[in-house]
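Participant: 1 is the number of the first residue of the sequence shown in our numbering; add one for each residue after it.
No wet-lab data here; the hints were simulated from the structure.
Don't take each hint at face value.
Said to hold, decoys possible - Simulated restraints, written as ranges between beta carbons of each label pair:
1. T160 / V246: 33 to 41 Å
2. P96 / E48: 12 to 20 Å
3. G219 / E40: 49 to 57 Å
4. R279 / F115: 30 to 38 Å
5. K253 / H146: 20 to 28 Å
To be verified - The calculated lysine to any residue pairs, modelled on SDA-like cross-linking and capped at a C-alpha distance of 25 Å, are:
6. K168 / G194
7. K253 / H231
8. K164 / A249
9. K253 / L241
10. K253 / T229
11. K168 / E109
12. K168 / K253
13. K168 / Q198
14. K253 / G155
15. K164 / D125
16. K164 / V246
17. K168 / P119
18. K164 / P195
19. K168 / L182
Glycine residues also receive a C-beta, built at the ideal position from the N, C-alpha and C atoms.
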Amino acid sequence: MDATTLNSQAERFLAELHRSPQTVRAYRADLRHLTGWLRETAHGLEREALEAYFAVHPHWAPATRSRKQTTLERFCRWALQHDLLDRDPTLHLEHPRLPPPHPRGLRREDIERIFAVIPPEQARDALLFRLVFETGLRIGEALGIHVEDLDLTRGDEHLTVLGKGSRKRTVLLDDPRLVSALRRYLRTLGYTHGPLFQATKNGRGGPLRYQSVQERWQGYARRAGVTCTLHQLRHSHATELVNGGVSLATIRKRLGHQHIQTTLRYAEVSDSTADAELRRWRRQRH
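Kindly produce the complete structure, drawing on both the sequences and the hints.
Facilitator: Rendered as structure tokens:
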């Protein structure tokens, strides 16, 4: 396919693209940029040309290249379906490696707003979400806790969880409100062994499903008017620890990270925390 054909077919493709107006504008700009380059260099829409196209634009950020490549891949798939191409020239293009997104935690006040709308009769939900928020557990780890994994000895309350890679770790239960809620919840259970959090469908206990928990959390978040994914509870806990001055080594152990590089993603402390630390350092020097 030459540049002239690409230019004319691009509008057909965009007209059939069921995306937001912003996405359509971005796709149009990407396709026009490529069309202009192909016309200037007398190339056709071929694999070697696309490799050269990306090679002469090394200044593009990985996210920019990834977006442009996605645009071309979708156009080429569409062109193949309409018999405009014999083969997909994007098939073997190497995708850029994007850095992992920075974990985004929420303020405690926003999360407490979600907790406030959970009905009192939903003690299981309230406890599960509070446990994740105050300990930074993964959702799967929390759902895998058994009653016998808890040790609520006064002054040394903790639990044992099975994390990624089947690695066990001990997590300190250091929040008094969480410990009190756990003790109240245990008194309502009719068993002393088995999953801590069970479903109550049809009056029978069973494993609480991950999807069900996700849906319930999103329902509470919508009711509270707060945009927050369930996984953000873990991020929020880690952010609180960083901003509270807890060492990255301790946070790594708390969250069950295998590598410290994962924990380093949380090391962006708030401006107020950074300012306070600098003031303390300055006072110590004088």
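Participant: Next step is simple, just say for each hint if it's right about the structure.
Facilitator: Hints and how they fare:
Our hint of 33 to 41 Å for T160 and V246 is violated, since their Cβ atoms are close to 21 Å apart. The given range of 12 to 20 Å is respected by P96 and E48, whose C-beta atoms sit roughly 19 Å from each other. Against the hinted window of 49 to 57 Å, the Cβ-Cβ separation of G219 and E40 comes to about 54 Å, which satisfies the hint. In this structure the supplied range 30 to 38 Å holds for R279 paired with F115, their Cβ-Cβ distance being about 33 Å.
Between K253 and H146 the beta carbons are some 22 Å apart, a value that agrees with the proposed interval 20 to 28 Å. Taking the CA atoms of K168 and G194, the gap is about 18 Å. The hint holds against a cut of 25 Å. For a cut-off of 25 Å, the pair hint linking K253 to H231 stands: about 18 Å separates their Cα positions. A C-alpha spacing of about 18 Å is found between K164 and A249, which places the hinted pair at or below 25 Å, so the restraint holds.
The hinted pair formed by K253 and L241 meets the criterion: a straight-line CA distance of about 12 Å does not exceed 25 Å. Under the criterion of a C-alpha separation no larger than 25 Å, the hint pairing K253 with T229 is consistent with the structure, at around 23 Å. A C-alpha spacing of about 32 Å is found between K168 and E109, which places the hinted pair above 25 Å, so the restraint is violated. For a cut-off of 25 Å, the pair hint linking K168 to K253 stands: about 11 Å separates their Cα positions.
This hinted pair checks out: K168 and Q198 have alpha carbons roughly 22 Å apart, not beyond 25 Å. Only pairs whose Cα atoms come within 25 Å are accepted, and K253 paired with G155 is accepted, the gap being roughly 20 Å. A threshold of 25 Å between alpha carbons decides the hint, and for K164 with D125 the separation of about 23 Å falls inside it, so the pair holds. With a C-alpha separation of about 23 Å, the suggested pairing of K164 with V246 holds against the 25 Å cut-off.
Between K168 and P119 the CA atoms are separated by roughly 33 Å; this puts the pair beyond 25 Å, and the hint is violated. The hinted pair formed by K164 and P195 meets the criterion: a straight-line CA distance of about 18 Å does not exceed 25 Å. Taking the CA atoms of K168 and L182, the gap is about 21 Å. The hint holds against a cut of 25 Å.
Against the hints set out earlier in the document, violations occur for numbers 1, 11, 17.
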